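Given the sequences, and given the hints that come with them, work out the whole structure.
Here the protein sequences come in this chain order: W and G. In the numbering used here, each residue carries its 1-based index in the first sequence increased by 636. To convert, note that position 34 of the second sequence is 30 in the numbering used here; the numbers rise steadily by one, no gaps.
Everything hinted at is true.
Derived DSS-like pairs (lysine-lysine); straight-line CA-CA distance at most 25 Å: (1) K96/G to K710/W; (2) K31/G to K71/G; (3) K728/W to K96/G; (4) K65/G to K887/W; (5) K861/W to K54/G; (6) K789/W to K741/W; (7) K18/G to K31/G; (8) K54/G to K728/W.
Just so you have them, the derived chain G footprint on chain W, three or more residues with Cβ under 8 Å: (9) 664 to 678; (10) 681 to 688.
Simulated from the structure, these hints should not be mistaken for laboratory data. Note that the structure is a prediction, hence the values are computed from the model and not measured. For every residue, glycine included, the Cβ atom is placed at its ideal position computed from N, Cα and C.
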Amino acid sequence: MEQSKQDKTQNDAQYWQLQELKSIGIIANNIVHDFNNVIGVIRGYADLALRATSADDRSRAYLTHVIEEADTAKELAEKLRIFSGQEKLDYKLIDIPSVAEQAIKIFRESVPTTIEFQQDIDTTCGAVLGDADQIQQAVINLFRNAYDALCDKGGILNLTVNEVDVGAEVYRGLDEGRYVKLTVSDTGCGMDQETLKRIFEPFFTTKKNREHAGLGLLVVDKIVKGHKGAVIAESKVGEGAKFDIYLPLPKEGQEEKEG
Amino acid sequence: MAQILVIDDNDQFRDMMREVLKNEGYEVLVASDGKKGVELYCEKRPDLIITDVNMPEKSGPELIFELQKNFSGVKIIAISGGTENSEEYLKSIKVFSDVKHIFLKPFDMDEMLDAVKNLLNQ
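What follows is the structure, encoded as structure tokens:
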């Protein structure tokens, strides 16, 4: 019995480590994308300058070096992308209720029974265009955030999935239309408004231990925005927290374009 | 001289592309996102579009899908920040199957300008 408890503790630690690495990988991927833009600008202007110089101008050699180093930087960025372990996105129509149920199943096994799971998932929700692994990662990150709020005293972690109509007043980042709404809420200690404003910042964490890199909610935000959706957080001290993810349902004809 | 529309949400990259293409004698229009790109295309009907893939408002794939659906013979070059979207992966997506040229940033400008010339001559 003692051995299996040790095994479970080790498995849990490995599981959390893997989630943390995945979050870091997604952030690294975003940095590589921005880095490639910057290198592209440097290379482009160096090329432009090269075209403006005469054949005997000695600055041609300098500009050629700039271009060569830009190409080296591109190779380094590619290595970073591979090292980050990010596979290419697999965009297709995905069933969010199934993704959510799978996320609960994966997560549930690694948390103590002092945390009660509740779920209300509408299995008739329409399919969303996206990457199932990324959506699952976002959901698990929200679960983890809720778990951190509950782990000291226990409580309820709730997951709801349904379809909603969104008007412009819900959130400025969203177009009006039909969405799949996924809500993760907890009955934990809640957050004050100052903390709430900062939770999507990179490396921001209220956790005392250093195991948390403070990237989990940033990754959720990036994944959801990458799917043309939005994540909205609400919380009050002593009243738990709620995160709503809105994912747009494809418009007519749009589902064919991604092959 | 031909008119080219450059669509990219990165201000510096967009400005750089405008300078490079103007230097080659092209007339250049620019847009900072896919939605503005479609509006500008409908208004001006440029001869060729160079569009980024990952953009707010309307992404490159959405823009390409919409233009290919509503206008025949649209000439498009796609450019990408080249992370998860490798050229091979992009080509495997249906909406890119008719896009003749896909470049990953940072790209060789000679190759880009050759692609522009070839596409305009078709």
